[in-house]
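S.K.: Chains as they are written, first to last, in the working numbering: chain A, 1 to 115; chain B, 116 to 377.
Treat the hints with care, as some may be off.
[Claimed, not checked] Short, incomplete list of chain A residues facing chain B, as computed with Cβ under 10 angstroms:
no. : residue
1   : E101
2   : A104
3   : N113
[To be verified] Between beta-carbon pairs, the in silico distance windows are:
no. : chain 1 : residue 1 : chain 2 : residue 2 : range
4   : B       : I361      : A       : G3        : 46 to 56 angstroms
5   : B       : R358      : A       : F9        : 37 to 47 angstroms
6   : A       : N113      : B       : R338      : 32 to 42 angstroms
7   : A       : L7        : B       : L360      : 46 to 56 angstroms
8   : A       : F70       : B       : S365      : 15 to 25 angstroms
9   : B       : H238      : A       : K32       : 46 to 56 angstroms
10  : B       : R338      : A       : S86       : 17 to 27 angstroms
11  : B       : R285      : A       : G62       : 38 to 48 angstroms
What the hints contain is simulated information worked out from the structure, not anything from laboratory work. Quick reminder that beta carbons are idealized off the backbone N, C-alpha and C, glycines included.
Listed below, chain by chain, are the residues.
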Amino acid sequence: MTGTAHLVFAVLALLALVLIINLVRLQALKAKYSVLWLTVGALLAVAAAVPGVLDWVADKVGVTYQPALFLLLGFGFLLLLAMHFSYELSRLETRVRTLAEELALLRHELDENED
Amino acid sequence: MSAVPVDGPVGSLRYRGGVRTAVVMPAFNEAEALPGVLAELAEAVPDHEVIVVDDGSSDDTAGVAAAAGVTCLRLPFNLGIGGALRLGFRYAADKGFDRAYQFDADGQHDPSQIATLLAGLEHADMVVGTRFGARGADDPGSSEGAYRVGRGRNLAMGLLRWLVRRATGRRFTDTSSGFRALRRPVLELFATDYPVEYMDSVEALLLAVRHGFTVIEVPVRMRERRGGRPSNRNLRLAYHFVRVLIVLTSGLGRRNRLGVAA
């Protein structure tokens, strides 16, 4: 990797880390997501700061083309995350529906009491 | 499955042992057609309590219902027909109704057919009003139902009929009919478990049969819709058609452990 590319990656990783820490600091993320993203941020930072790490890991697991390992890990991570979000969304939708029903029933009760 | 003969006028069914009957009517932007439909119902079945479920309408549907003096449940946003029905059933179950039937707010259902539908409850837990007559199921085009559908839709309905028959072991001619009556036990089931996604009618049929309830069809007349517009676009219809096919062929559709409808 050339010096410039290395610098660009380091800056990008740093930006991601700053963004994540800021979100966590503002408590905009639930605790479980905070831990998740802080881990991701830390891994990115290490990979960007010490380029040799990725090569070393790739070598250890027998991947000859290092970027493939990076992409594979990234893709797998995103896929799992998307599945998790689908699950969370389904659960939320069920709850929102029930709440809407509850609200309509309460509103009706209120209307009746006013008469 | 046998057709049930119509016995006597609507009057003979009223207040039989103090039976309380609810009319569950989901309405999404039906302010135009609703007054006429409600007036017809008040005339034909004055002792049935109409429950309009305003499914997040942006027009004056709720106001029209209130002006007609019927119960109106207002949902804060659009849940779709299945969600609206489930709320109506829940309310009817909570209020201790003995039986309920679905009735369209757009004037598609004919009040003169209610007696026929409810008479079916003497022999079953749930009654589905079919547009195609009880016999000649596989050839709806030539039946006496006089309800004509396009070729593509005909094919789709035929496929649904066949799959429902495979899944339930029963023969239904009109799996998507929204003109249905149910007795208390089914009402209680639907109050909590009614399928909330579009094409709910097919899944509801499956749900009732799987819970061991007797479901029959009776032939009824239906009219052209009066106001509003068909609630679905083709693409969405296609998506839900495929979804229901998967449900029918894979034995899904029951609630899983997470409480999320599969």
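S.K.: Are the hints correct? Go through all of them and say.
M.R.: Hint by hint, here is what the structure shows:
1. E101: Cβ of E101 of chain A sits 5 angstroms from chain B, so the hint holds.
2. A104: holds (4 angstroms)
3. N113: With a closest approach of 14 angstroms, the N113 of chain A hint is violated.
4. B:I361 / A:G3: 46 to 56 angstroms: holds (54 angstroms)
5. B:R358 / A:F9: 37 to 47 angstroms: holds (43 angstroms)
6. A:N113 / B:R338: 32 to 42 angstroms: The hinted range 32 to 42 angstroms holds for N113 of chain A and R338 of chain B, with Cβ atoms some 38 angstroms apart.
7. A:L7 / B:L360: 46 to 56 angstroms: Taking Cβ atoms as reference, L7 of chain A and L360 of chain B lie about 54 angstroms apart, which means the hint holds.
8. A:F70 / B:S365: 15 to 25 angstroms: For F70 of chain A and S365 of chain B the Cβ distance comes to about 37 angstroms; the hint is violated.
9. B:H238 / A:K32: 46 to 56 angstroms: holds (54 angstroms)
10. B:R338 / A:S86: 17 to 27 angstroms: Between R338 of chain B and S86 of chain A, where Cβ atoms are some 41 angstroms apart, the hint is violated.
11. B:R285 / A:G62: 38 to 48 angstroms: violated (58 angstroms)
The structure shown violates the earlier hints numbered 3, 8, 10 and 11.
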